[in-house]
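**Student:** Letter by letter, the chains look like this.
Number of protein chains: 2
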Amino acid sequence: MRAVLLTRHGGPDALEYREDVPDPEPGPGEVRIRVRAAALNNTDLWTREGAYGAPDDPDAVHGWRREAFVFPRIQGADVAGGIDAVGPGVPATRIGERVLVDPMLYDGDERALVDTDYLGSERDGGFAELVTVPAANAHAVRSDLDDAELASLPTAATTAMRMLGRAGLAAGETVLVTGASGGVGSAAVQIAKDRGAVVVAVAGAAKHEAIRALGADVVVDREADLLGALHAAGIDSVDVVADVVAGPSFGALLRALAPLGRYVVAGAIAGPVVETDLRTIYLRQLTVVGSSFGTHADFAAVVDLAARGALRPLVAGRYPLAELGRAQADFVAKGFVGKLVVLP
Amino acid sequence: MRAVLLTRHGGPDALEYREDVPDPEPGPGEVRIRVRAAALNNTDLWTREGAYGAPDDPDAVHGWRREAFVFPRIQGADVAGGIDAVGPGVPATRIGERVLVDPMLYDGDERALVDTDYLGSERDGGFAELVTVPAANAHAVRSDLDDAELASLPTAATTAMRMLGRAGLAAGETVLVTGASGGVGSAAVQIAKDRGAVVVAVAGAAKHEAIRALGADVVVDREADLLGALHAAGIDSVDVVADVVAGPSFGALLRALAPLGRYVVAGAIAGPVVETDLRTIYLRQLTVVGSSFGTHADFAAVVDLAARGALRPLVAGRYPLAELGRAQADFVAKGFVGKLVVLP
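These protein sequence lines map, in sequence, to chains L and Y.
Residue numbering for the first sequence follows the numbering used here, beginning at 1180 and increasing consecutively.
Residue numbering for the second sequence follows the numbering used here, beginning at 1180 and increasing consecutively.
Simulated from the structure, these hints should not be mistaken for lab results.
Note that the structure is predicted; figures quoted are calculated from it, not measured.
Among the clues, some could well be false.
[Stated by the list, open to error] Residues from chain L shown here face chain Y by an in silico Cβ test under 10 angstroms; the list is partial:
#1 Leu-1194
#2 Arg-1213
#3 Val-1240
#4 Arg-1244
#5 Pro-1270
#6 Thr-1272
#7 Arg-1273
#8 Ile-1274
#9 Leu-1284
#10 Asp-1286
#11 Pro-1427
#12 Gly-1430
#13 Ala-1445
#14 Arg-1463
#15 Ser-1471
[Claimed, not checked] If you want the ones that stay clear, here's a sample from chain Y, every Cβ over 10 angstroms from chain L, calculated:
#16 His-1188
#17 Asp-1199
#18 Pro-1237
#19 Glu-1289
Backbone N, C-alpha and C define an ideal beta-carbon position, used for all residues, glycine too.
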């Protein structure tokens, strides 16, 4: 089959497009899916680069588990397609089913999620013509959405769902969403609106109109002085910050929080190593919550939200599989709102 | 009356012992207490020094509210004594009552606690012969404990109670308590044991025996490599860290946490400005919880715990009021386990 192999940690040239990769066979309890769309995520690039560091060495080269990574690996967590074969123990009636894959490959409770296998990282993923997954992770979908739209949902929207869940965002509260034009951010804006929150979104100037169209009540420019911009918009403080940016903005994001406010983080595109004044955290009785991926329940909630139209898939670009490299270059350039998808 | 006045932010010489301070009169809804014991806390020193910084300037000189402080001020949050006068609206039958004061002077819910007036900071406190407080904050006590023992409880033990509550420490979980010989730490060890947790305490070598006597299951030396010492004790990770030390140890404390672990902080005696790798927080899905003071419910729980003997007051030194300066010097030297108390 055709597939893109990650051969080592490194730059774009660590990816190798091949047309002679052996077709995977579904094992016991597994299904094989003909991939019709697979979305890009930041984690693909961070894993390729080995940008996750180590607990005691921020500069160590590692995937998200911060341990030795197995190469070669086919990345691609977010897969939509059709089941074309089943392994032992899976009814053959599933062949032909249109499916969207829950990429969090864990059994058990929330604790198990933290050490989950993640499709395209601990197991070959969807940047290929075929992928195998546990049958329970391949969810039958009936939807008017096309395959690229479906594939845009799993990692980003599920991550956003868990972030807001872990932060306990309630109706009537105000949430500030950073990186609002990205996959996680654009989903967080919509999920927060669906929960009845007031949404303040931070994004680059070129994207403000698109973010407003998602339902954001206030859009703040990412280049602006955050606290000044909030005050100018009549907002003294926010109850929740949902952040995937961090870096130099981290201090101001904490200072934007109301007493008992919650800051939840699931990524740090502007830099993960930050300075913190713990006095701000304890005197204001803030909570800093780490969140990663989403539970199976979060995935189900995302699918439900999309089905009732409260979560709009935002597919900003579609690329042939062989052009994954170009897709990743566009992804890094961030000149779009939503998700980029390859179509094997 | 005799009292110690804090005249400005500064060193020990910012405190002024006087014998000509006007007696305070109880206002409407207030009682006046003849102070028989008042305990020392870190916050007295940090307020005296103005060591709380500002949200956007870690080196700014401020009290805990990080705003202009009103001088002169009589410090001293933790007061035991007897009611000797009542203001309008308070029944005279309360005169003569033996009381312990809840120093968190707020009305309302948890949100109001964050901006509470704190006895000895926003209002004159107990480093004096007489103090006035709202009648509701003066709790009648019947106890075999002496006044110094009672006075050792409010701020420290209530802070510890709220820390463990906010961290959601459950029976069977393992908690690591830093600064275990201090007022907050020694209370946290005992409260955690009462909750059925396994307690790992960090303290200086001279204090290990005393900390074990409080019920700690494992005592780790504060000079030791934390993760190495935990592993040597057969502990892979802990569910909760209750910290009042922070500083250079912060990174190792986070790394000691199990997946979904919670770090709760209520002080940072070794330094509040720390570096954080947010990847450690989000990949392990940790929570960093800020906590300060305790609610009225926490205060009631502390009094209850002490009444049934599950929380032993630890009075390590008693000083005349005029020797508050010497008491503070001993407090800073940390050559004791528990609390220091002045006896006006």
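**Student:** Next, verify each hint and record whether it holds.
**Tutor:** Here is how each hint holds up against the structure:
no.: 1; hint: Leu-1194; verdict: violated, 23 angstroms
no.: 2; hint: Arg-1213; verdict: violated, 32 angstroms
no.: 3; hint: Val-1240; verdict: violated, 13 angstroms
no.: 4; hint: Arg-1244; verdict: holds, 8 angstroms
no.: 5; hint: Pro-1270; verdict: violated, 35 angstroms
no.: 6; hint: Thr-1272; verdict: violated, 37 angstroms
no.: 7; hint: Arg-1273; verdict: violated, 32 angstroms
no.: 8; hint: Ile-1274; verdict: violated, 37 angstroms
no.: 9; hint: Leu-1284; verdict: violated, 16 angstroms
no.: 10; hint: Asp-1286; verdict: violated, 15 angstroms
no.: 11; hint: Pro-1427; verdict: violated, 13 angstroms
no.: 12; hint: Gly-1430; verdict: holds, 8 angstroms
no.: 13; hint: Ala-1445; verdict: holds, 5 angstroms
no.: 14; hint: Arg-1463; verdict: holds, 6 angstroms
no.: 15; hint: Ser-1471; verdict: holds, 5 angstroms
no.: 16; hint: His-1188; verdict: holds, 15 angstroms
no.: 17; hint: Asp-1199; verdict: holds, 35 angstroms
no.: 18; hint: Pro-1237; verdict: violated, 5 angstroms
no.: 19; hint: Glu-1289; verdict: violated, 7 angstroms
Consistency note: the structure conflicts with the earlier hints numbered 1, 2, 3, 5, 6, 7, 8, 9, 10, 11, 18 and 19.
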